[in-house]
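Construct the entire structure; sequences and hints are all you get.
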Amino acid sequence: MSRSEGPPDLVIVGSVAFDSIETPWGKVERVLGGSATYASLAASLFCKPAIVGVVGDDFGEAEERLLSGRGVDLSGLERRRGKTFFWHGRYFEDADRRESIVTELGVFADFRPLLPERLRRAPLAFIAN
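Reading the sequence shown from the start, the letters are residues 0 to 128 in numbering that gives the first Met the number 0.
Simulated from the structure, these hints should not be mistaken for laboratory data.
Take the hints with a grain of salt, since some may be wrong.
Quick list of the computed label-pair ranges, beta carbon to beta carbon [stated by the list, open to error]:
| hint | residue 1 | residue 2 | range |
| --- | --- | --- | --- |
| 1 | R119 | R89 | 20 to 30 Å |
| 2 | R80 | F45 | 32 to 42 Å |
| 3 | P122 | R97 | 27 to 37 Å |
| 4 | R111 | L65 | 21 to 31 Å |
| 5 | G81 | P115 | 19 to 29 Å |
| 6 | R120 | G25 | 37 to 47 Å |
| 7 | E4 | V27 | 33 to 43 Å |
Computed list of lysine to aspartate or glutamate pairs in DMTMM-like fashion (alpha-carbon distance at most 25 Å, straight line) [said to hold, decoys possible]:
| hint | residue 1 | residue 2 |
| --- | --- | --- |
| 8 | K47 | E92 |
| 9 | K47 | E62 |
| 10 | K47 | E21 |
| 11 | K47 | E60 |
| 12 | K26 | E92 |
| 13 | K26 | E103 |
| 14 | K47 | E98 |
| 15 | K47 | E103 |
| 16 | K26 | E60 |
| 17 | K26 | D57 |
| 18 | K26 | D95 |
| 19 | K47 | E63 |
| 20 | K26 | E98 |
| 21 | K47 | D95 |
| 22 | K82 | D18 |
| 23 | K82 | E103 |
| 24 | K26 | E77 |
Cβ coordinates follow ideal geometry from the N, Cα and C atoms, glycine included.
Structure representation (structure tokens):
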């Protein structure tokens, strides 16, 4: 799912994940998360971003549509056999503190970013974790 009109304005390299998050006010299970996800969605309000990351075969069309529907270029998103990075955490009432309950790196454990040629022409890059 790439944009054919030239390079993106910003390349974002980082994690694309599923998160389960608990707070004193509620809980969500396996929602789309990860630093590259959040950065690209925010950047899409101002420019044409592209993600370079890796996901497992549990990453579905709904997640892809959410990103591509906001104009995020997914041509650098690699799919591998296995599970997408998963994080389960709990935030406390002050929202400054959190506790990691589960971290499963999945396919992210062996991720080595490779930038497609077109993405190398982007003028800016953001390297996330």
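Results of checking the hints against the structure:
Distance hint for R119 and R89: a CB-CB separation of about 39 Å, inconsistent with the stated range 20 to 30 Å. The given range of 32 to 42 Å is respected by R80 and F45, whose C-beta atoms sit roughly 35 Å from each other. The hint said 27 to 37 Å for the Cβ distance between P122 and R97, and at roughly 34 Å that hint holds. Take R111 and L65: their Cβ atoms lie about 26 Å apart, and the range 21 to 31 Å holds.
A C-beta distance of roughly 22 Å is found between G81 and P115, which places it inside the suggested range of 19 to 29 Å. Between R120 and G25 the beta carbon distance is about 43 Å. The supplied range of 37 to 47 Å therefore holds. Look at E4 against V27: about 35 Å separates their beta carbons, and that is inside 33 to 43 Å. Taking the CA atoms of K47 and E92, the gap is near 36 Å; set against the 25 Å cutoff, the hint is violated.
The straight-line distance between the Cα atoms of K47 and E62 is roughly 18 Å, inside the 25 Å bound, and the hint therefore holds. With a C-alpha separation of about 32 Å, the suggested pairing of K47 with E21 is violated against the 25 Å cut-off. With a C-alpha separation of about 21 Å, the suggested pair K47 and E60 falls inside the 25 Å cut-off, and the hint holds. Pair hint K26 plus E92 holds up; C-alpha atoms about 13 Å apart against a cutoff of 25 Å.
Between K26 and E103, the direct Cα distance comes to roughly 19 Å. Compliance with the 25 Å bound is thereby established for this hinted pair. Between K47 and E98 the alpha-carbon distance is near 34 Å, which puts this suggested pair outside the 25 Å criterion. Of the pairs offered as hints, the one joining K47 and E103 is violated, with about 30 Å between alpha carbons and a cut-off of 25 Å exceeded. Under the criterion of a C-alpha separation no larger than 25 Å, the hint pairing K26 with E60 is consistent with the structure, at around 23 Å.
At most 25 Å may separate the alpha-carbon atoms for a hinted pair to count; K26 and D57 meet this at roughly 21 Å. Simply put, K26 and D95 have alpha-carbon atoms about 17 Å apart, close enough for the 25 Å limit, and the pair holds. Pair hint K47 plus E63 holds up; C-alpha atoms about 16 Å apart against a cutoff of 25 Å. With a CA separation close to 14 Å, the supplied pair K26 and E98 stays within the 25 Å bound.
The suggested pairing of K47 with D95 is violated, with an alpha-carbon distance near 31 Å, which exceeds 25 Å. With a C-alpha separation of about 13 Å, the suggested pair K82 and D18 falls inside the 25 Å cut-off, and the hint holds. Our distance criterion of 25 Å between C-alpha atoms is met by K82 and E103, whose separation comes to about 9 Å. Restraint check for K26 and E77: not satisfied, since their Cα atoms lie roughly 29 Å apart, outside the 25 Å limit.
In summary, the structure is inconsistent with hints 1, 8, 10, 14, 15, 21, 24 from the numbered list given earlier, while agreeing with the others.
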